[in-house]
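With the sequences and hints as input, model every part of the structure.
As given, the protein sequences belong to chains A and B, one line each in that order. Just so you know, we're using my numbering here: the first sequence kicks off at 1 and counts up by one. Just so you know, we're using my numbering here: the second sequence kicks off at 1001 and counts up by one.
It is possible that part of the hints are untrue.
Derived CB-CB ranges, DEER-like [to be verified]:
(1) A/Val96 x B/Glu1248: 11 to 21 Å
(2) A/Glu248 x B/Pro1246: 25 to 35 Å
(3) A/Arg241 x B/Pro1246: 25 to 35 Å
(4) A/Thr151 x B/Asp1064: 56 to 66 Å
(5) A/Gln150 x B/Ala1127: 33 to 43 Å
(6) A/Glu99 x B/Arg1033: 26 to 36 Å
Just a sample of chain A residues kept apart from chain B, beta carbon distances all over 12 Å, derived [as the list claims (entries may be wrong)]:
(7) Ser11
(8) Ser23
(9) Leu29
(10) Glu40
(11) Asn41
(12) Gly57
(13) Pro67
(14) Gly110
(15) Asp119
(16) Arg138
(17) Arg142
(18) Asp154
(19) Arg168
(20) Asp186
(21) Asp203
I should point out that these hints are in silico values taken from the structure, not numbers from a laboratory. Ideal Cβ positions, reconstructed from N, Cα and C, are used throughout, including at glycine.
There are 2 protein chains.
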Amino acid sequence: MDKRGEIRIISVPLSGEVRPGDSLSAELLAAMREINLQLENGDILVIKHKVVSKSEGAIALLDDIQPSAAATNWAREHGLDARVSELAMRESKRIVRQERGVLITETRHGFVCANSGVDVSNVDGGAHAVLLPTDPDRSADRLRREIREQTAIDVAVIVSDSFGRPWREGLTETAIGVAGMQPLVDYRGQKDRHGYSLHATVDAVADELACAAGLACGKLENIPACIIRGYQYRRGEGSAREMIRPAENDLFR
Amino acid sequence: MDKRGEIRIISVPLSGEVRPGDSLSAELLAAMREINLQLENGDILVIKHKVVSKSEGAIALLDDIQPSAAATNWAREHGLDARVSELAMRESKRIVRQERGVLITETRHGFVCANSGVDVSNVDGGAHAVLLPTDPDRSADRLRREIREQTAIDVAVIVSDSFGRPWREGLTETAIGVAGMQPLVDYRGQKDRHGYSLHATVDAVADELACAAGLACGKLENIPACIIRGYQYRRGEGSAREMIRPAENDLFR
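Here it is as structure tokens:
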């Protein structure tokens, strides 16, 4: 937090549609100039995965997809698009639940989410599906490096997607790619101001930053990114992979 | 979001210790005057449950707690404080997991979290434990009403705690009490800018607001609250209970 004790979340609207091969860093920097936003060292860029996937070509033309029998049956039973179900199955390494029209998978990256993150909204009216980026940590790192090359400013980057979760209603933003910051802050062994050791306190700050950004990124408008300013993160390599809990440590499973 | 496309998270530090019977609204308003922060209609006050519980007397003197045989055995096996384990069991309506020193319960309110939210950090060196507020929605509503009475300003209030979650490392802030806003925003049936209907899109904005606040509320410092300004929430009665997913709809379980 800065000296004024304030964190700012500044929306970065994109005017045009992002297409495969576009330089996302160039488009974002142009969008920031448009709103007179000067990047500062220590800023955090949070960006929805969808524009990242589009720029990287991680999209699929639905008419090209031949659904398997499993996808066809599942989709027919629940009134879904079999091509989307097929993509969700292809993008998964494990099906976690498949019930009542809801398909929860573990993606190739290790994220647990609905439909492997395959999404047809905010694309082009349903002709294409957007997949998760192949390696969202690498996507975040590339954006970070390109921004540094073009501006000489050092920012952290978080790529986010909206995931559901057990026990609670509604989606929250989740960090699926991280670069330039430690995504987890470990307070274990530190003492609070009463001298009491903080047990079991590891904060998932990259997810909290993604959620904060989610408040500024519109679902219905074209605001796929924002800058978070004034949050003192811990610099470092960092990756979203660190945030995936190994199955053997996960008592919630 | 306001016209500048910016959301602000402003820390509200409390100088003194909150004690049972203290007027939390009066202390918060005094703390805001201290930093020249003028509340505005539409602000959101996010406050850590711990100071709410303390002001409401939802604390327990550990020396008064007689652990059951179950709590004693469990604590001995894992090097824990049996009195804290006892409180965690008493505050639960169901034990979800009890393995390898981790006790995950469903609290009387219906929240699924470690140790029923019972916490001995940041109290007074460990002599007391802090419980969750008896009815965090009512706590939020009381703060909201008292602030309105004292300032004529209409704010939404979120009471938060840090919860773990399946599949991912680290804790994130979670809304356990809500007043004056709809905690879930339902986009279902709305169309994106490509004319595509948004399916299954309900955002847990109260949890995202709690996470945003978590970035400004220090674990080691005395910043139990913050004001979020510039986020256009949907006014309404609202409650954190709405965010608890009924077991029969929860495919993640």
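Hints and how they fare:
Separation of A/Val96 from B/Glu1248 is about 18 Å and conforms to the stated range, judged on CB atoms against 11 to 21 Å. At about 30 Å, the beta-carbon gap between A/Glu248 and B/Pro1246 stays in the expected band of 25 to 35 Å. In this structure the supplied range 25 to 35 Å holds for A/Arg241 paired with B/Pro1246, their Cβ-Cβ distance being about 33 Å. The hinted range of 56 to 66 Å is satisfied by A/Thr151 and B/Asp1064, whose Cβ atoms lie roughly 60 Å apart.
The beta-carbon spacing between A/Gln150 and B/Ala1127, approximately 56 Å, falls outside the hinted interval of 33 to 43 Å. Remark: the range hint 26 to 36 Å for A/Glu99 to B/Arg1033 is contradicted by a beta-carbon distance near 54 Å. With a cut of 12 Å on Cβ distances, A/Ser11 falls inside the contact zone with chain B, its closest approach being about 4 Å. Every C-beta of chain B lies more than 12 Å from that of A/Ser23, the closest at about 22 Å, which supports listing it as non-interface.
With a cut of 12 Å on Cβ distances, A/Leu29 stays outside the contact zone with chain B, its closest approach being about 17 Å. The claim that A/Glu40 is not at the interface with chain B holds, since no C-beta of that chain comes within 12 Å of its own (minimum 15 Å). No Cβ of chain B approaches the Cβ of A/Asn41 within 12 Å, the least distance being about 18 Å, so the stated non-interface status holds. Every beta carbon of chain B lies more than 12 Å from that of A/Gly57, the smallest distance being close to 19 Å; the non-interface claim holds.
Every Cβ of chain B is farther than 12 Å from the Cβ of A/Pro67; the closest lies at roughly 18 Å, confirming the non-interface assignment. For A/Gly110, the shortest C-beta to C-beta distance to chain B comes to about 9 Å, within the 12 Å cut-off, and the non-interface label is violated. For A/Asp119, the requirement that its beta carbon stay farther than 12 Å from each beta carbon of chain B is not met, with the minimum near 9 Å. Chain B leaves A/Arg138 outside its interface by the beta-carbon criterion, the shortest separation being 20 Å against a cut-off of 12 Å.
Residue placement check: A/Arg142 keeps its beta carbon more than 12 Å from all beta carbons of chain B (closest about 24 Å). Residue-level check passed: A/Asp154 sits 19 Å from the nearest beta carbon of chain B, beyond 12 Å. Listed as a non-interface residue, A/Arg168 fails to keep its Cβ farther than 12 Å from every Cβ of chain B; the least gap is roughly 5 Å. Taking the minimum C-beta to C-beta distance to chain B, about 9 Å, the non-interface status of A/Asp186 is violated against the 12 Å cut.
The beta carbon of A/Asp203 sits about 6 Å from the closest Cβ of chain B, which is not more than 12 Å, so the claim that it is off the interface is violated.
Consistency with the previously given hints fails for numbers 5, 6, 7, 14, 15, 19, 20 and 21, ordered from lowest to highest.
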